[in-house]
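**Q** Sequence:
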Amino acid sequence: MHATLPLLSDTRFPALQRQRLTTLQVNLGYRCNQSCLHCHVNAGPHRTEMMDAAVLDLIPQVLAARGVETLDLTGGAPELHPGFRELVKRARALGVRVIDRCNLTILFEPGQDGLAEFLAEHDVEVVASLPCYSADNVDKQRGTGVFDKSIAGLQRLNALGYGQPGSSRVLNLVYNPLGAVLPPPQAKLEADYKRELHRHFGITFNTLYALANMPIQRFGSTLISKGQFHAYMDLLKSQHRDENLAHVMCRSLVSVDWQGNLSDCDFNQQLGLSTPPRRGAKGPLHLRDLLTEGLDHHPIRVADHCFGCTAGSGSSCGGALREDAA
560 MHATLPLLSD
570 TRFPALQRQR
580 LTTLQVNLGY
590 RCNQSCLHCH
600 VNAGPHRTEM
610 MDAAVLDLIP
620 QVLAARGVET
630 LDLTGGAPEL
640 HPGFRELVKR
650 ARALGVRVID
660 RCNLTILFEP
670 GQDGLAEFLA
680 EHDVEVVASL
690 PCYSADNVDK
700 QRGTGVFDKS
710 IAGLQRLNAL
720 GYGQPGSSRV
730 LNLVYNPLGA
740 VLPPPQAKLE
750 ADYKRELHRH
760 FGITFNTLYA
770 LANMPIQRFG
780 STLISKGQFH
790 AYMDLLKSQH
800 RDENLAHVMC
810 RSLVSVDWQG
820 NLSDCDFNQQ
830 LGLSTPPRRG
840 AKGPLHLRDL
850 LTEGLDHHPI
860 RVADHCFGCT
870 AGSGSSCGGA
880 LREDAA
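Under my numbering, the first residue of the sequence shown carries the number 560, and numbering increases by one thereafter.
Errors might be hidden in some of the hints.
Ranges of calculated distance between the beta carbons of each label pair, as one might list FRET restraints [as the list claims (entries may be wrong)]: (1) G738 x H806: 17 to 27 Å; (2) A623 x Q787: 38 to 48 Å; (3) R571 x G654: 39 to 49 Å; (4) K841 x D672: 41 to 51 Å; (5) H759 x D569: 44 to 54 Å; (6) E645 x E755: 35 to 45 Å; (7) K785 x A711: 44 to 54 Å; (8) P835 x G761: 41 to 51 Å; (9) P835 x A624: 15 to 25 Å; (10) S693 x D801: 33 to 43 Å; (11) E882 x S797: 43 to 53 Å; (12) T851 x G738: 40 to 50 Å; (13) Q787 x E852: 36 to 46 Å; (14) A790 x M560: 15 to 25 Å.
The set of hints was computed from the structure by calculation and includes no laboratory data. Beta carbons: idealized from backbone N, C-alpha and C, even for Gly.
Could you put the whole structure together from the sequences, leaning on the hints where they help?
**A** Dropping the structure here:
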């Protein structure tokens, strides 16, 4: 796989500084039951990295110590971690909002019996990957048969109240473009998704998140192989909007890798760009450091991939940053 960091490090992206930490985004491990073309984590069935029990136990402690509002669980497939369900229970007992970034097909994997019911019982917010409402496009990006399983997963979640009017069980979907282009306007695409999914499958959901593909890991390597990397970077830079800088997710989110090391976002984590240590400290910041000190006003590490978050309508783990850009 081609390395992308050497092509991203020399950057003119504006300097950023942290605000109050509200979201702890935790990558529980890189093992996944899928191997998606756009995956910036390079996750897959053969990855073995998994968070150990000692680091896992730090998470509820940090949530309490820092007054964190949201625990955002990702991977790989976070549900494949044997401690996933106990961690959810402990976080919810603290009154913390929990997000599960779910690929939907995991609901049908061996050993995941009752997963959908567990998520519903604990009011876990599900953010589900569905890169298109067309079977051909989804299977092209995620593998043969993924679309049908994803639809079945959505129907199961709907039956439990997820995405239904008046329900507290939130179901949001995620769209990624198939190639080296920016996502279309999120609001219009959401309307298309809601119309088509309900018309053909009776599916309802709350919100669609339109995310830009990041030029790193598997997707970035594919761009290099196809000779499209520099053209995609030119596109991102040409569509940069300064007004998006105030809303980028790294200002209020910190990403935790499977070893407990901190990065300013999940993308930095995958590039090996750890959160800068405090003056005089050695080594990367670790989850345990948050037990005693916060990150307010801490500098954020930036590189050229950051233009993926500020181009056009902007992009974050919560979708577009603005609704007024075409």
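**Q** Give a verdict on every hint.
**A** Tested hints:
| no. | hint | result |
| --- | --- | --- |
| 1 | G738 x H806: 17 to 27 Å | 26 Å, holds |
| 2 | A623 x Q787: 38 to 48 Å | 46 Å, holds |
| 3 | R571 x G654: 39 to 49 Å | 42 Å, holds |
| 4 | K841 x D672: 41 to 51 Å | 45 Å, holds |
| 5 | H759 x D569: 44 to 54 Å | 47 Å, holds |
| 6 | E645 x E755: 35 to 45 Å | 38 Å, holds |
| 7 | K785 x A711: 44 to 54 Å | 33 Å, violated |
| 8 | P835 x G761: 41 to 51 Å | 49 Å, holds |
| 9 | P835 x A624: 15 to 25 Å | 21 Å, holds |
| 10 | S693 x D801: 33 to 43 Å | 35 Å, holds |
| 11 | E882 x S797: 43 to 53 Å | 21 Å, violated |
| 12 | T851 x G738: 40 to 50 Å | 45 Å, holds |
| 13 | Q787 x E852: 36 to 46 Å | 42 Å, holds |
| 14 | A790 x M560: 15 to 25 Å | 20 Å, holds |
In terms of the numbered hints stated before, the structure departs from hints 7 and 11, listed from lowest to highest.
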